[in-house]
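**Student:** The primary structure of each chain is shown beneath.
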Amino acid sequence: MNRREFAKLLSAAGVAGATDIAWGVTRAVGQTRGGTLNTIIQPEPPMLVTAINQQQPTLTIGGKIYESLLRYGIDLKPMPGLAQSWTISPDGKVYTFKLFPNIIFHDGKPCTAEDVIFSCTKVLTETHARARGTFLRIEKAEAPDPLTVVFTLKEPFAPFINSFDCTTAPILPKHVYENTDFRQNPANAQAIGTGPFKLKEWVRGSHIHLVRHEGYYRQGEPHLDEIFYRVIPDAASRSVALEKGTVQLTQWTDVEFFDVPRLAKLPNLEMTTKGYEFFAPHLWIDMNNRVAPMNDKRFRQAVAHALDKKAIKDRIYFGLGKEATGPVSSKTRFYEKDVKTYDYSLDKARKLLDDMGLKAGAGGKRATITFLVPPYGESWQRLGEFVRQALGRIGIEVVLQGGDIAGWGQKVSNWEYEMTANLLYQFGDPALGVTRSYATSNIRKGVLFTNMCGYSNPAVDKLFDEAAVATTDAKRQELYSQAQKILCEDVPVAWILEQDFPNFYDKKLKNVITTGIGVHETFGTVSFG
Amino acid sequence: MTDIASGRQGHRVVAVALGILGWTAKFVAVVLVIATMSFLLVRAAPGDPAQVMAGQTGAADEKMLAQIREEYGLNRPFIVQLATHLKRVVTLDLGQSYRQRQPVTTLIGERLPATLILTGTAFLLALASGILLGTLAALRAGRWSDTLLTVVSLILYAMPVFWLGLMMVLVFSVQLGWVPAFGYQTIGVEMGPLGRALDIGHHLILPAISLAAVYLAIYTRLMRSSVMEVAQQDYIKTARAKGLAQGRIIARHILRNAILPVVTVAGMQAGALVGGAVVVETVFAWPGLGRLTYEAVLQRDYPVLLGLFLVMSVIVILFNLATDVLYRFIDPRVTTQAQG
Numbered sequence: 001m002n003r004r005e006f007a008k009l010l011s012a013a014g015v016a017g018a019t020d021i022a023w024g025v026t027r028a029v030g031q032t033r034g035g036t037l038n039t040i041i042q043p044e045p046p047m048l049v050t051a052i053n054q055q056q057p058t059l060t061i062g063g064k065i066y067e068s069l070l071r072y073g074i075d076l077k078p079m080p081g082l083a084q085s086w087t088i089s090p091d092g093k094v095y096t097f098k099l100f101p102n103i104i105f106h107d108g109k110p111c112t113a114e115d116v117i118f119s120c121t122k123v124l125t126e127t128h129a130r131a132r133g134t135f136l137r138i139e140k141a142e143a144p145d146p147l148t149v150v151f152t153l154k155e156p157f158a159p160f161i162n163s164f165d166c167t168t169a170p171i172l173p174k175h176v177y178e179n180t181d182f183r184q185n186p187a188n189a190q191a192i193g194t195g196p197f198k199l200k201e202w203v204r205g206s207h208i209h210l211v212r213h214e215g216y217y218r219q220g221e222p223h224l225d226e227i228f229y230r231v232i233p234d235a236a237s238r239s240v241a242l243e244k245g246t247v248q249l250t251q252w253t254d255v256e257f258f259d260v261p262r263l264a265k266l267p268n269l270e271m272t273t274k275g276y277e278f279f280a281p282h283l284w285i286d287m288n289n290r291v292a293p294m295n296d297k298r299f300r301q302a303v304a305h306a307l308d309k310k311a312i313k314d315r316i317y318f319g320l321g322k323e324a325t326g327p328v329s330s331k332t333r334f335y336e337k338d339v340k341t342y343d344y345s346l347d348k349a350r351k352l353l354d355d356m357g358l359k360a361g362a363g364g365k366r367a368t369i370t371f372l373v374p375p376y377g378e379s380w381q382r383l384g385e386f387v388r389q390a391l392g393r394i395g396i397e398v399v400l401q402g403g404d405i406a407g408w409g410q411k412v413s414n415w416e417y418e419m420t421a422n423l424l425y426q427f428g429d430p431a432l433g434v435t436r437s438y439a440t441s442n443i444r445k446g447v448l449f450t451n452m453c454g455y456s457n458p459a460v461d462k463l464f465d466e467a468a469v470a471t472t473d474a475k476r477q478e479l480y481s482q483a484q485k486i487l488c489e490d491v492p493v494a495w496i497l498e499q500d501f502p503n504f505y506d507k508k509l510k511n512v513i514t515t516g517i518g519v520h521e522t523f524g525t526v527s528f529g
Numbered sequence: 001m002t003d004i005a006s007g008r009q010g011h012r013v014v015a016v017a018l019g020i021l022g023w024t025a026k027f028v029a030v031v032l033v034i035a036t037m038s039f040l041l042v043r044a045a046p047g048d049p050a051q052v053m054a055g056q057t058g059a060a061d062e063k064m065l066a067q068i069r070e071e072y073g074l075n076r077p078f079i080v081q082l083a084t085h086l087k088r089v090v091t092l093d094l095g096q097s098y099r100q101r102q103p104v105t106t107l108i109g110e111r112l113p114a115t116l117i118l119t120g121t122a123f124l125l126a127l128a129s130g131i132l133l134g135t136l137a138a139l140r141a142g143r144w145s146d147t148l149l150t151v152v153s154l155i156l157y158a159m160p161v162f163w164l165g166l167m168m169v170l171v172f173s174v175q176l177g178w179v180p181a182f183g184y185q186t187i188g189v190e191m192g193p194l195g196r197a198l199d200i201g202h203h204l205i206l207p208a209i210s211l212a213a214v215y216l217a218i219y220t221r222l223m224r225s226s227v228m229e230v231a232q233q234d235y236i237k238t239a240r241a242k243g244l245a246q247g248r249i250i251a252r253h254i255l256r257n258a259i260l261p262v263v264t265v266a267g268m269q270a271g272a273l274v275g276g277a278v279v280v281e282t283v284f285a286w287p288g289l290g291r292l293t294y295e296a297v298l299q300r301d302y303p304v305l306l307g308l309f310l311v312m313s314v315i316v317i318l319f320n321l322a323t324d325v326l327y328r329f330i331d332p333r334v335t336t337q338a339q340g
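Chain order of the listed sequences is A and B. With our numbering, the residue at position 19 of the first sequence is 19, and numbering never jumps. With our numbering, the residue at position 83 of the second sequence is 83, and numbering never jumps.
One thing to keep in mind: the hints can contain errors.
Stated by the list, open to error - Computed footprint of chain A on chain B, listed as stretches where at least three residues anywhere in the stretch have a Cβ under 8 Å from a Cβ of chain A:
(1) 41-47
(2) 63-70
(3) 165-173
(4) 176-189
(5) 293-306
(6) 319-328
Claimed, not checked - Not close to chain B: a few residues of chain A, all C-beta gaps over 12 Å, as computed:
(7) Pro146
(8) Lys351
(9) Lys365
(10) Ser456
(11) Thr471
(12) Lys508
Since the hints were made in silico from the structure, they are not lab data. A virtual CB, placed ideally from N, CA and C, is assigned to each residue, including glycine.
Based on the sequences and whatever the hints tell you, model everything.
**Tutor:** This is the structure in structure tokens:
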């Protein structure tokens, strides 16, 4: 299906400028309680238990159902979640959390420190690959009283305090899951959490219906009565749904990039790219460092010079993003801006290639490289085409290869590729979301989102190792800054963009994006008017 | 004499029973061959379901991959997996979806009604209007109305179905607001059975027309040429010479003979309709089997995919049988050996 053509047709048909589209939702003005939010879920999640499945759509809906100890602001600073207060011992090893009283699960049973300990140490270490890396560091977990959780770590791990968002550490009911096969537990169909919304109905292929959790511990929340997540697989139909007011909120890639400028002009809609700070998706051109000529850093530097990041941002992503300067996103902590940068310069690129002896042969061609196009939609195809054009100008012929998601994953994780593109999340801390792509210890064949490009540098490894266990932010900043400087010199991958995603919402909808996880948040305070 | 009669009767019963038995044996054999072939084909595609699932979480480790492979038996020898699959087919247990952790029969069962409503409506719509328009065109061959019908059906045939669907959404949903743009039913509203049926019918209009359009064109063209050919036959001339009324000639002599090729093609396409609605289901967010298939392919969700292949092939076989029966009903000269 060619969505681009449809977008053109939409514009041609005058829909782009249509202002008086019927507004299907009626509601009282000034009312903060009540109302129905209609939004989109795409693709349909396989289940809603975020402890067991961490796909994007699962987290979006699961965030309303499952909560964790903390929340994180747009600046990624911790805020109270299930825990109303917390302390960290000076040696960085003992974390004490005080829970709010009167927290109950959707089945009416209380949620206590025991549930938190059970979820973190028994369930998540078993079922959640990302949480496993963090919670296996716990030496001892104790509950001196029902509202106090004390975690003692084997050694300091600074990002520990950043690991209690609802997507990393959802709290499950111990009385339901204890001594069962977590993955096969029939309660997974009900999704029993503590969140402000609970699952009422799931009509597969059509919609997921959440309703108010009456016993929610935060007074007056949730403001909304219910939320409908509608499965709309076609991007053009999603845009129509937003324009017609059938849905009042879109997130992630619900709206295609090319539709964003048009929809952003509609008077009834608000658009923000906030709320992705925790994920801080980082887009880059991945070069397999094992394969010539990409095993020479001068070649990778040449690629970095040859790609016009601003043009990529403006032409392919319609301005949604910020040019990346290195491995750490400027939206997260420990970003270092004083690094070697690569301005758009074909002359510098050609000189680097000349220096490394990669001379132009017949027809000006220096080398031929295959580029595996990530099969996640049209913008990736266009990115591939852009790279082909750009590198063609410095004598590198790029052959685009297609495939589907499964094929792409297999080739890239098994290192059977030369060049591809990737979008990785940073998860609020370099130790969680950055180290994994460059550390020698994380070169693991067959596993996606590890150090797939095969970069290995003992100096960088050492800095990453030390930074993870350092207990002061100043020390960590120093170590991460050094690591970023080395990485920017070596350019294991060519960083392109700090990718932004648009959230469109009805202007009457309030408090939509309040934290660093944006649309994944509980939505307890979201209201109409 | 009674003995001979009852003997003949008995012989006849045995023949019919043998016929049914033979047909059933063929049916089972075909299903097993399809099950084996689809298993081999599905596995021939590169890609690993464990990796797809792990990949979508944005973070993965060896333990997770091993867990997924262990849980679904993906680490067992290929031949063992094939044997497990065939055993499941025989016992009508289609296994569990890797991704959704639900029985495949449940997943398919949930989607089947929506698909049958959509494709069934589209099929009947296309067939009925195709036969009607094709006959009209043939009877007016060479006149402007025939030319118009021919041109329209050619345009419909050439038009990509998603484009037609989106254009209709633009006109009838976005601009005029007559029909819903997508979805299977109005969400979040309590309705009685009749209200629900009407509501689904309302949502059905655009997708059914989109899906019917292509087939409509085929049936129209086919019916037109068939009617024109039959109308040239000697027995039609005889009927005219006998002084039969034009309406009776068309109904009894022309249509009955002319419709046979259309029935043949329709029978073949009816099976394909079940699996062939991916595009329409996607454009209109229709919760049918086409989308389930598409998603299962992307996810390498083998059990769902194999279950779908099986259900679809059974439906194709049943449609073929129905076509055979219908054929004999329309044209009693057609027989099969089983009855001989």
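**Student:** So which hints don't hold here, by number, going up?
**Tutor:** 6
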